[in-house]
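Asker: In case you want the letters, here they are:
Protein chains: 2
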Amino acid sequence: MKILKQHRTIRRYTAREISDALLESILESGIRASTTGNIQVYSVIVTRDEEMKERLAPCHFNQPMVQEAPVVLTFCADFNRFNKWCRQRDAEPGYDNFLSFVTAAIDALLVAQNVCVAAENEGLGICYLGTTTYMAEQIIDILELPSGVVPVTTVTLGYPAEQPPLNDRLPLEAVVHQERYSDYSAEDIDMFYEEKEAFDSSKQFVEENGLKTLAQVFTKVRYKKEDNITFSNKLLAVLKKQGFMNQ
Amino acid sequence: MKILKQHRTIRRYTAREISDALLESILESGIRASTTGNIQVYSVIVTRDEEMKERLAPCHFNQPMVQEAPVVLTFCADFNRFNKWCRQRDAEPGYDNFLSFVTAAIDALLVAQNVCVAAENEGLGICYLGTTTYMAEQIIDILELPSGVVPVTTVTLGYPAEQPPLNDRLPLEAVVHQERYSDYSAEDIDMFYEEKEAFDSSKQFVEENGLKTLAQVFTKVRYKKEDNITFSNKLLAVLKKQGFMNQ
Numbered sequence: 001m002k003i004l005k006q007h008r009t010i011r012r013y014t015a016r017e018i019s020d021a022l023l024e025s026i027l028e029s030g031i032r033a034s035t036t037g038n039i040q041v042y043s044v045i046v047t048r049d050e051e052m053k054e055r056l057a058p059c060h061f062n063q064p065m066v067q068e069a070p071v072v073l074t075f076c077a078d079f080n081r082f083n084k085w086c087r088q089r090d091a092e093p094g095y096d097n098f099l100s101f102v103t104a105a106i107d108a109l110l111v112a113q114n115v116c117v118a119a120e121n122e123g124l125g126i127c128y129l130g131t132t133t134y135m136a137e138q139i140i141d142i143l144e145l146p147s148g149v150v151p152v153t154t155v156t157l158g159y160p161a162e163q164p165p166l167n168d169r170l171p172l173e174a175v176v177h178q179e180r181y182s183d184y185s186a187e188d189i190d191m192f193y194e195e196k197e198a199f200d201s202s203k204q205f206v207e208e209n210g211l212k213t214l215a216q217v218f219t220k221v222r223y224k225k226e227d228n229i230t231f232s233n234k235l236l237a238v239l240k241k242q243g244f245m246n247q
Numbered sequence: 001m002k003i004l005k006q007h008r009t010i011r012r013y014t015a016r017e018i019s020d021a022l023l024e025s026i027l028e029s030g031i032r033a034s035t036t037g038n039i040q041v042y043s044v045i046v047t048r049d050e051e052m053k054e055r056l057a058p059c060h061f062n063q064p065m066v067q068e069a070p071v072v073l074t075f076c077a078d079f080n081r082f083n084k085w086c087r088q089r090d091a092e093p094g095y096d097n098f099l100s101f102v103t104a105a106i107d108a109l110l111v112a113q114n115v116c117v118a119a120e121n122e123g124l125g126i127c128y129l130g131t132t133t134y135m136a137e138q139i140i141d142i143l144e145l146p147s148g149v150v151p152v153t154t155v156t157l158g159y160p161a162e163q164p165p166l167n168d169r170l171p172l173e174a175v176v177h178q179e180r181y182s183d184y185s186a187e188d189i190d191m192f193y194e195e196k197e198a199f200d201s202s203k204q205f206v207e208e209n210g211l212k213t214l215a216q217v218f219t220k221v222r223y224k225k226e227d228n229i230t231f232s233n234k235l236l237a238v239l240k241k242q243g244f245m246n247q
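Chains A and B, in that order, are what the protein sequence lines are. Under our numbering, the first residue of the first sequence is numbered 1, with each subsequent residue one higher. Under our numbering, the first residue of the second sequence is numbered 1, with each subsequent residue one higher.
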């Protein structure tokens, strides 16, 4: 499928606005995604306002696309609306637990990916911001998310001002298993990561950081253990604060 | 976008097989999805074998599509492969924590939705099985998933033997917020849920269960608090067992 196969992350956007009608049509496609029991336990927050983008930017480590993109979408796990409906209909909701968070996060993520496919089909470029789960607490404050709502991912949207090459992917057999998980031998690992390690850009990363291997760029620079621990504890505290840890 | 807008969950399949070439092409499209830092921390387990489907069926509460579908795909958060690569390259991975699980689950879910869009584009029907997170422990045993790997969703795939009507969705303004979360008034809730409550099928659910409201069908029958608590604790235990709770 051409749209899917041509996906590349777009981080630079032109000044061209996205019309309300186009955004609405993309979101309408997005919400056709499957959802648990058709209960739609997610919300999408649309950010277009410059001041709001400026406030969100530090939550995304000031990556420039947040302020450059005409539209920023924050996808949230959301049981607040459903809980209100239950309470208003003489039904006592039992969705203040970890499973319910995971259920709602899955709903939100399937919609996010559908929105991205729909946007790319309309000629827009997208970029996912993984920083959302690191900085959920600050995003909750800025977007005024109530109890029962947790942001899980953010997507910037705009008309592309760059056309980067397709990103590499591991060979399909590296990520797909037949019938049972076939664990990786040392030779498998060498074979599957060989292409990625051989890129000039990979070698440059290693050299610029004064390291020995590409894997060290991830463990020592990009996704460090101490940061992961800090953000794990912050995220678990957010789940508790937003009412998802009563089990 | 036609493919997205026409999505309906397909639970009945014809006996027609899915060729290896078609499945490979769909999975190739799937893995073009965005992934955190392009590290692809997910795996997909393909189930075609009848005996394996029979073993998986109880994990999905014996919903008949698991055994009827020619292909069952289990999408897993997977740091095992990446951790092995790191260790083999003199890099100490720090991905045994909750944030890393969430990162990997997001990767897996974006790929899952891409696979579903690609499959529907080829005329296949899909059904997500939310039971995966409830029964992760049993699925881990059956699919022989090692430490660092947790199943997050399952999709059944096959040629449709039914053409159900489009499912209802809440109005777009019920799930989309402009700039800030706009919390719901009692009138908003009445308005947004009015259509869903008015369906004959909804009224039938309420009546068959001897209940008063549609919301009670969810809280008292489909997604009960006591089940959610049980499955929350099981899932947290699975995360611990699979090595994702060291923070």
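Incorrect hints may have been included.
Identical copies go unnamed one by one, so any copy, or any two together, can satisfy a pair.
[As the list claims (entries may be wrong)] Cross-link-like lysine-lysine pairs, in silico, DSS-like; alpha carbons within 30 angstroms at most:
| # | residue 1 | residue 2 |
| --- | --- | --- |
| 1 | Lys224 | Lys241 |
| 2 | Lys234 | Lys224 |
| 3 | Lys240 | Lys224 |
| 4 | Lys5 | Lys196 |
| 5 | Lys225 | Lys240 |
| 6 | Lys212 | Lys5 |
| 7 | Lys196 | Lys53 |
| 8 | Lys240 | Lys203 |
| 9 | Lys225 | Lys241 |
| 10 | Lys5 | Lys240 |
These aren't lab readings, by the way, just hints derived from the structure by calculation. In this text, all values refer to a predicted model and were calculated from it rather than measured experimentally.
Asker: Tell me, please, which holds for Lys5 and Lys240 at an alpha-carbon limit of 30 angstroms: within, between, both or neither?
Answerer: neither (39 angstroms within a copy, 36 angstroms between copies)
Asker: Please work out whether the CA atoms of Lys240 and Lys203 approach to 30 angstroms or closer within one copy, between two copies, in both situations, or in neither?
Answerer: Intra 42 angstroms, inter 36 angstroms, cutoff 30 angstroms: neither.
Asker: As a check of your reading, is Lys224 near Lys241 (CA-CA no more than 30 angstroms) within one copy, between copies, both or neither?
Answerer: both (26 angstroms within a copy, 22 angstroms between copies)
Asker: One pair to classify: Lys234 and Lys224, alpha carbons no more than 30 angstroms apart. Within, between, both, or neither?
Answerer: both (15 angstroms within a copy, 28 angstroms between copies)
Asker: How would you classify Lys225 and Lys240 at a CA-CA limit of 30 angstroms: within, between, both, or neither?
Answerer: This pair counts as both: shortest intra-copy Cα distance 23 angstroms, inter-copy 17 angstroms.
Asker: Is the C-alpha distance from Lys196 to Lys53 at most 30 angstroms within one copy, between copies, in both cases, or in neither?
Answerer: Neither. Shortest intra-copy (34 angstroms) and inter-copy (35 angstroms) distances fail the 30 angstroms Cα cut-off.
Asker: 30 angstroms Cα cut-off: does Lys212 pair with Lys5 within a copy, between copies, both or neither?
Answerer: Classified as neither; 33 angstroms inside a copy, 49 angstroms across copies.
Asker: With identical chains treated as interchangeable, where does the CA-CA distance between Lys5 and Lys196 reach 30 angstroms or less: within a copy, between copies, both, or neither?
Answerer: within (19 angstroms within a copy, 36 angstroms between copies)
Asker: With 30 angstroms as the alpha-carbon cut-off, assign the pair Lys240 and Lys224 to within, between, both or neither.
Answerer: both (24 angstroms within a copy, 20 angstroms between copies)
Asker: Go through the copies and call it for Lys225 and Lys241: within, between, both or neither, with a Cα cutoff of 30 angstroms.
Answerer: both (24 angstroms within a copy, 19 angstroms between copies)
Hints 6, 7, 8, 10 from the earlier list are contradicted by this structure; the remaining hints agree with it.
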